[in-house]
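Place chain X on chain L using the hints.
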Amino acid sequence: MSGAKENILASIRDALGRGEMSGDQRAELERRVKAHKASQRPARARGKGQAVIERFIAEAEKVACTIAEVEGIADVPSAVASYLRQHNLPGNAVIAPDAWLGDIPWDNESLLNLRAGASNKDDEVAITPAFGAVAETGTLMMASGPNHPTSLNFTPENHLVVLRKSQVAASYEEVWANLRKSGKMPRSVNMITGPSRTGDISMKIYLGAHGPRRLHIVMVDD
Amino acid sequence: MKYMDAPGFKQNIPDALADVNLRESLSQVESGFVARRKAAVENMSEFESLRDRGRELKDHALDNLDFYLELFEKNCTEAGGHVHWASTTSDARNAILDICKNANAKTVTKGKSMVAEEIHLNSFLEANNITPVETDLGEYIIQLAEEPPSHIIAPAMHKTKDQVSDLFLKHHAKLGLNERQTEPEKLIDEARQVLRQKYYDADVGITGANFLIAETGSSIIVTNEGNGDLTQLLGKVHIVITTIEKVMPTLEDVSTVLRLLARSATGQEFSAYTSFSTGPKRPEDLDGPEEFHVVILDNGRSSLLGTDFQEMLRCIKCGACMNHCPVYQSVGGHTYGTVYVGPMGSVLSPALEGISTTRHLPNASTFCGRCESVCPMKIPLPKLLRRWREISFETGQAPMVERYGIQAWAWLAKIPWLYGPATRVAARGLAWAGRDKGRIRKMPLMNGWTNGRDFPAPEGDTFQAQWAKKRGKGAGRLVQ
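Chain order of the listed sequences is L and X.
Counting from 14, one number per residue, gives the positions in the first sequence under the working numbering.
Counting from 4, one number per residue, gives the positions in the second sequence under the working numbering.
Worth flagging that the hints you see were computed from the coordinates, not collected in a lab.
By construction, the Cβ of each residue, glycine as well, lies at the ideal position given by its N, Cα and C atoms.
Among the hints, erroneous ones may be present.
Claimed, not checked - Once the Cα atoms are required to be at most 27 Å apart in a straight line, the calculated DSS-like pairs of lysine-lysine come out as: (1) L:LYS197 / X:LYS77; (2) L:LYS134 / X:LYS109; (3) L:LYS197 / X:LYS239; (4) X:LYS201 / X:LYS109; (5) X:LYS77 / L:LYS194; (6) X:LYS201 / L:LYS217.
Said to hold, decoys possible - Counterexamples of contact, computed for chain L against chain X with all Cβ distances above 12 Å: (7) GLY30; (8) ALA81; (9) TYR96; (10) GLN99; (11) ARG210; (12) SER215; (13) LEU220.
In isolation and in its complexed conformation, chain L is listed as follows:
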């Protein structure tokens, strides 16, 4: 296949009417990539503080997320349990093996029976952290890693996300900046905006096509 690579690159250069780039031209493009400058950010992707939190909540609810706000991590287990009860869901859930999630006093809720790890096909409920969240479209940003298997985001019908208010950014670009600080690009980054949906029957939108039917966010004031 290396022949194909050379042919394609040569064909591109021919068509663009130039040969291989000079060292200077390459250096210029490398600088552009390193600078990874943001282009125009719309107004809804700017702002700070409470306004951004409120925008996130409004946008996430528009795409059929539900949100419960709690005052601290001690309140998370009861918020999770009450959501499960409200939807007649079992207390058995698979939870991401994440250190911060592990600090939550889950034992305070007798309903909950948590197993840490990746999801298998029988799990009905998954509990995960998020790497971040973006207010402009109510989007959760998930980064894969040993603390967050990707299967938790997609295979169970109910996805519960425990999010810290301080994680909510105005724009996608702010999350990319945080991701760069944290090291190399994770194997999988999932931007999740509401539960799974399809428009493939009669061009009307129905929730719960292949991914989760419900996406519930427990938002912790920190």
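The following block gives chain X in isolation, referenced to the frame of chain L:
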């Protein structure tokens, strides 16, 4: 298959117009896609300027395509992925087959991919004893129906709910699902139930890519159902089939284009899932595919660079042009007989398949300009359609009547002293021919028009004569 034939475009039209189910489906486009896009765009005051930014970013990526593709390869490889370059559709098919064979694959799940359609991957895999399973609901429906997609993002949009009910009953009865479901939710649940185990059973998951990112070596899919994510997560091997023009430099660059994509496509602010895949499962990961392959196809695209058609390579396959096209809205996607349909298809298909078999497509346009006005990448689709008409004429593809007719008109139009009187005589002749009813039922060489409707008879003098009379002699020169 009846439809998969671009030369048959004209013959397909009467069938499409008489297809009651298709009429019902197409009647939803304005109230669905078009209205939702309008609402999303109105909710984003910067949308117009973001279109300019998107165009600039894509132009930059295309002008430096060799650099960004090589950078993508380097970073993808560093993350443990394998990049396969394919000049032709056959190269791409063989690369995929080799990977499948190495994995001893019996079944592959597939996320939605138009490039997979372009290389006719499913029939090729079947011929090699590998079973492809489409997992996008729309793709699954048309796979059961053994039909090609009729829309690039809503492949089964030509099917009514009742047709889906019949298809599911026919194909799922053998799985013990004997009840004909009529509620959309029940149909979706049934597909979910049937497909879920397939993800786990698949040896290989194949997806397309909306974008590649040079900076990180990632491929991106944008979906709503989550099927693409299950496909790329649960197969032992993940293969991405994509094309050279999909590469963008950085995460920031792609963010700008993502702000345009969903709003233009479905009228959502953002699709439910935008997923970035970078290499295979890492040693510390608890899930993910063991192998990650990206097959990058050219298939003639590189030769469009540096030509008028380079602008077409900005296309992000949102489908807005076809949703807003009066021709597409009338005849639907299958009529085109090509993989890519609607205005973007009528520009891209002649480039991929050759103008000789596709010359009807650029002709099937009134140049109303609605496609260009909604294209998030500001591709001048009418201009490019016109360019194909020119090429079709220049290379002698047009039929004799059309060619000689245009040549004769061009000769005459360049002789003003003859053109004026000649067209006046013609106008009077036509007025006389239609003197009784004000219209003409049959005209020689014009049956393409008069078979469908009467030709209105001229009621007065020619435009030039009227113009000259109204504005005085000087104004007449403006139109010469």
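Hints and how they fare:
A distance of roughly 15 Å separates the Cα atoms of LYS197 of chain L and LYS77 of chain X; the hinted pair therefore holds under the 27 Å criterion. Straight-line distance between C-alpha atoms of LYS134 of chain L and LYS109 of chain X comes to about 21 Å, which keeps the hinted pair within the 27 Å bound. Distance restraint check for LYS197 of chain L and LYS239 of chain X: the Cα-Cα separation of roughly 23 Å lies within the 27 Å cut-off, and the hinted pair is therefore satisfied. Between LYS201 of chain X and LYS109 of chain X the alpha-carbon distance is near 12 Å, which keeps this suggested pair within the 27 Å criterion.
Simply put, LYS77 of chain X and LYS194 of chain L have alpha-carbon atoms about 21 Å apart, close enough for the 27 Å limit, and the pair holds. Proximity of LYS201 of chain X to LYS217 of chain L is assessed by CA-CA distance (about 26 Å); at most 27 Å being required, the pair is judged to hold. The beta carbon of GLY30 of chain L sits about 6 Å from the closest Cβ of chain X, which is not more than 12 Å, so the claim that it is off the interface is violated. The claim that ALA81 of chain L is not at the interface with chain X holds, since no C-beta of that chain comes within 12 Å of its own (minimum 21 Å).
Listed as a non-interface residue, TYR96 of chain L keeps its Cβ farther than 12 Å from every Cβ of chain X; the least gap is roughly 20 Å. Non-interface call for GLN99 of chain L relative to chain X: holds, since the shortest CB-CB distance, roughly 20 Å, exceeds 12 Å. The claim that ARG210 of chain L is not at the interface with chain X is violated, since a C-beta of that chain comes within 12 Å of its own (minimum 5 Å). With a cut of 12 Å on Cβ distances, SER215 of chain L falls inside the contact zone with chain X, its closest approach being about 5 Å.
With 12 Å as the threshold on Cβ separation, the claim that LEU220 of chain L sits away from chain X is violated: the shortest Cβ distance comes to roughly 9 Å.
In terms of the numbered hints stated before, the structure departs from hints 7, 11, 12, 13, listed from lowest to highest.
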